[in-house]
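Number of protein chains: 2
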Amino acid sequence: MFEIIRRDGLARIGKFTTRAGVLETPALLPVVNPKIFTVTPRELHEEFGFEALITNSYIIRSSEDLRKRAQSEGLRTLLDFPGIVMTDSGTFQSHMYGEVEVTNEEIIEFQKSIGSDIGTVLDIFTEPFWTKSETAASIDVTLERTEYAASVKDEMMIAGVVQGSVYPDLREMCARRMRSMDIDVHPIGGVVPLMEQYRYEELVDVIISSKKGLSPDRPVHLFGAGHPMILSLAVLLGCDMFDSASYAKFARDDRIMFIDGTYRLEDMLSLDCKCPACIGHTLETLKALSKDERTRTIARHNLYEITKELALIRRYILEGRLWELAEQRCRAHPELLGALRKLGEHGEFLERHEPLSRDGAMFYTGTETRNRPVFRRYRERLKERYIPFTRKAALFPEAGRPYGRHYAEDFRRVRSSGFTPVVLSPFGPVPAELDEIYPLAQSLFPGITDAETDACVKDAVSLIREKGYEEIIDMNSVTDGNEIFDPLLERALAVARYQFGAEAAAAMFSGRMEFVTSRNTGKIRNVISNGEHILSMRAGDGLFSLRIEGAERMIASVPGEHMRVVVSDDAIPFVSEGRNVFCAFVKECDPEIRPMEEVLAVNGNGKLLAVGRAMLVRDEMLSFKKGIAVKVRDGVGKV
Amino acid sequence: MFEIIRRDGLARIGKFTTRAGVLETPALLPVVNPKIFTVTPRELHEEFGFEALITNSYIIRSSEDLRKRAQSEGLRTLLDFPGIVMTDSGTFQSHMYGEVEVTNEEIIEFQKSIGSDIGTVLDIFTEPFWTKSETAASIDVTLERTEYAASVKDEMMIAGVVQGSVYPDLREMCARRMRSMDIDVHPIGGVVPLMEQYRYEELVDVIISSKKGLSPDRPVHLFGAGHPMILSLAVLLGCDMFDSASYAKFARDDRIMFIDGTYRLEDMLSLDCKCPACIGHTLETLKALSKDERTRTIARHNLYEITKELALIRRYILEGRLWELAEQRCRAHPELLGALRKLGEHGEFLERHEPLSRDGAMFYTGTETRNRPVFRRYRERLKERYIPFTRKAALFPEAGRPYGRHYAEDFRRVRSSGFTPVVLSPFGPVPAELDEIYPLAQSLFPGITDAETDACVKDAVSLIREKGYEEIIDMNSVTDGNEIFDPLLERALAVARYQFGAEAAAAMFSGRMEFVTSRNTGKIRNVISNGEHILSMRAGDGLFSLRIEGAERMIASVPGEHMRVVVSDDAIPFVSEGRNVFCAFVKECDPEIRPMEEVLAVNGNGKLLAVGRAMLVRDEMLSFKKGIAVKVRDGVGKV
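Listed in order, the protein sequences are those of chains A and B. The numbering of the first sequence is the working numbering, which starts it at 1318 and goes up by one. The numbering of the second sequence is the working numbering, which starts it at 1318 and goes up by one.
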């Protein structure tokens, strides 16, 4: 049903297959009022390319005429929309007006009867001002109704709404309890008041706690989120679907959406938009239109602004740079900046989904960039996996990257005195052996630092002390010496420990070691141990690709699940001959595997089948029915 | 010639009047190669609305055919362009190829002969890698050539290029020495290598040092700056004109400009642009165009991207929010972020041009927002102009704004015990009396703070200690008491001191004081002293408008230039009857006056003529020939 095509952390480009067609996510579903079309559904499809829309089954049911037509013709004909039609249930009306005159059973049955492709449960809207016990009680009702809806859905897909007000533990519990139900898509509900009140920090907690509970193989829909300003952040946190009634509602109030906020037509001082709806208009000509024409023009502008941002988000995901887009967008309002800062409290969850490396350089856009999981990961792996090669460390200040090139002469000098060169970088201390891995070499910082970065650099010294060096000196006071050291070995071993852990690295680095280096750059290409090619280093991110020989050593020496993906029996012949591992054939998986990490595909007895890169984390591999779990590089051959 | 219509700090919307028409600034002049039109000059005018362009007189002169046609038909006919034509002199060619075969005299004469509206001196391009003495020597030549050009210009306007490599003192000196020459527009030259190498921090120094030296009544042109990414920052620093050859040059290399950077067509993963040039295209169809068609399409896209950003910049200036746009844009690249941080080193110059208040709220977009001059100004005026009303201070933590509303009950309680409530805010300590003035009440910060803000709040306590309070307590340990205090008087007096200085405030607040307050909000509206209405408080920014009676007291008690603008004799009858003061009639002015500050218009003997708000600072008032210097609110009547 739902498949990941590309990912960037929690963000994903996906394909959601329905009976009425495939929806590419991230996607926004415009909300269509069945009584008034500000922009017709056909235009939404043909001019704007929307593959799906939402309309309200409660409103249709409440009008005799619409109800009869919907039941006889079906929704697609009623709306004249050739794509996917999702229906809402009346829950939002109960939030607005206190109650609705329909039961969950009735509205589910009605949605089926009018041919909705995705029907929604009549869940209970948990208001942000509710007490925790009030919220918990209402979730029980929502879960009961959801279970009922899932059990009678037949051909209709079911949207099971996660509720829980502003209580993260209730959100996670609600989401987790829906895992076992037969649900197709999960809206996160009850968030419109938070967005209306700019309570974006709480919105972050709500989204992340829901994501923690939900099954990753189902698309997540942020109900009522339609402002382009918020989309990149929501996608970054793993939301796949959105909807917008605002494009039309705002237009009726003469409010124009831009990526940096919403402007009232009467307050605007100039119109500076060249979208297909605005082109040819000045502020004056737009104001002079008839009310209907103006509403239609502004609604079309709003839709262009939304589709433009979604296309941009898609591009940034493809480029692996969505963090950077979200960091730019969150400057549009201080409360959005607060939301960005809030991510710092969710480092562990974010790190679990963060790819091992990316294609491009990491741009530092401000102190908030420190919330990116790469900072946390580097620090933790340095603590757990880095083992000093010498008893003495020489500290160097931050400089051009990679440091080994910038400090070439200095590094040689201190190394020959038995010191490990360590740069006090904005990521923390960087021993010379690690200076080429992502993101240490592949990152750009401004020349003028901030207090957070200064504190991190200062703290780097204490991190180095914890490593147990006997002597730590400043780079300027080094005297010449003549100890033996092997920079290639130390770099290769430090990177292998960083990437695979100390135990696995020790298993691979045994016997006589040789290094094939690049003639041009002098960088390590291949690592040979006792004549076997065990690892290849990638020039782009400075990390290793695992070879079959290296993997066999890891299997032999490190027991347990470490870096393993267990493949089910029917897939063994394919995987061992080098075909990719698909999700449907993953039996188990090391929970410590991160996206883009090197992994070992093994059979149920732990025998090696292939090596490759993980595309997904454990929870995802075990949830998805479709899609690639491991991109295999090499199989062991026929088994 | 050049007139300011609206300003936002150093940024300005201006009108530059030439013989060929009026150029609205900020403006970009597309560079047109006289040999190849990627987009024709007529299209630049009619499709894109460009009022001016640049072409290269050196290239025209070097081609026999073009030279003859230009001299017989004139440039406007040769190019078929109905707007303003500026010409470049060959300096950039000397930077590119080492030297040019023309003298300054020849190229000036040639530019006149082909009817250039704005001709450029053959200045010497100061490379960023030049030594200081080398640079200084070349500036002497440039100045000599510029003086010559200005002396023979006749009807042609002259662009006098500021040079000085990366040496701020040389830039300022060069600019200052051009003040006395008859020059019409000042390009800042020699900056292309800085922009190509992303050396934006140095670019900031170059622009600001040039601005410091230049006469403010002449437009400033940042030579070679054409990427939309850099425009908002450059306008923020007071650049009025730009040019772009890149729109076409990049297009020929299949490079597409976006606000967040330049992308190679071959690296792009999707095309997400709905500009009039791109609409209907996908990445595939764009790639499939013939080389010429593709170049033309990308060039038109690049021009749309530039004009869109310029329109946006204009809107943000009108809204008084250009800082916020620049702060968003500078997240696109870490070196741009460095440039934004660099502004912190130029606080004094920036503060001098910073308006006293703005219409909208100030948005905090990150630690870099602390570089905004409002932070510096508040801190300095607090130190110099705030005088405690009590000997005891009660410190409150940051809260909802205005603090007096948030802490209403608490403030009353501590005041009744003889304490002045002081909030430890992100701006520093805010005594209760000042809590409604701009930007203290009119600002939004994220809920989660950063280290810089935390440090500022901490430092606020020591700032309060310097004020000489005998007792400073934490808000939680206050006991009830019963001293007499007058919150209206204290607020009015504290704001008057902040705005006009302690001496002027003392002069105005004498005798029996009364306060007219708003029935709804309880806020001060009018201040009455001995029966005279001396001041009115604005609800928007919490600051005072000065009344004639208040102004007369200031005149009587504070001697010297303080807050005065001296009007020349011929304007006296008009100003005293309430007409605005135009620049041409300003004889002298207090250098401490900031934009939007309340000022006194006086005659040569110091007699009051009118009160109003300054639009400009001293240097600007004395330089400009056109435009409003003081918006007069009230005149003293016929004199």
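Hints are computed from structural coordinates only; laboratory data are not their basis. It is possible that some hints are incorrect.
No distinction is drawn between identical chains; accordingly, a pair holds when it is met within one copy or between any pair of copies.
Said to hold, decoys possible - Simulated pairs of lysine-lysine, DSSO-like, Cα-Cα distance not exceeding 30 angstroms:
(1) Lys1604 <-> Lys1332
(2) Lys1924 <-> Lys1955
(3) Lys1943 <-> Lys1604
(4) Lys1529 <-> Lys1943
(5) Lys1904 <-> Lys1784
(6) Lys1385 <-> Lys1700
(7) Lys1924 <-> Lys1429
(8) Lys1429 <-> Lys1332
(9) Lys1591 <-> Lys1566
(10) Lys1625 <-> Lys1775
(11) Lys1625 <-> Lys1608
(12) Lys1385 <-> Lys1566
(13) Lys1608 <-> Lys1924
(14) Lys1591 <-> Lys1604
Outcome of the hint check:
no.: 1; hint: Lys1604 <-> Lys1332; result: between (41 angstroms within a copy, 26 angstroms between copies)
no.: 2; hint: Lys1924 <-> Lys1955; result: within (13 angstroms within a copy, 103 angstroms between copies)
no.: 3; hint: Lys1943 <-> Lys1604; result: neither (50 angstroms within a copy, 33 angstroms between copies)
no.: 4; hint: Lys1529 <-> Lys1943; result: within (21 angstroms within a copy, 64 angstroms between copies)
no.: 5; hint: Lys1904 <-> Lys1784; result: neither (38 angstroms within a copy, 70 angstroms between copies)
no.: 6; hint: Lys1385 <-> Lys1700; result: neither (67 angstroms within a copy, 75 angstroms between copies)
no.: 7; hint: Lys1924 <-> Lys1429; result: neither (49 angstroms within a copy, 85 angstroms between copies)
no.: 8; hint: Lys1429 <-> Lys1332; result: within (23 angstroms within a copy, 64 angstroms between copies)
no.: 9; hint: Lys1591 <-> Lys1566; result: both (22 angstroms within a copy, 23 angstroms between copies)
no.: 10; hint: Lys1625 <-> Lys1775; result: neither (43 angstroms within a copy, 44 angstroms between copies)
no.: 11; hint: Lys1625 <-> Lys1608; result: both (25 angstroms within a copy, 27 angstroms between copies)
no.: 12; hint: Lys1385 <-> Lys1566; result: within (27 angstroms within a copy, 62 angstroms between copies)
no.: 13; hint: Lys1608 <-> Lys1924; result: neither (71 angstroms within a copy, 55 angstroms between copies)
no.: 14; hint: Lys1591 <-> Lys1604; result: both (16 angstroms within a copy, 23 angstroms between copies)
Hint compliance for this structure: hints 3, 5, 6, 7, 10 and 13 are broken, all remaining hints hold.
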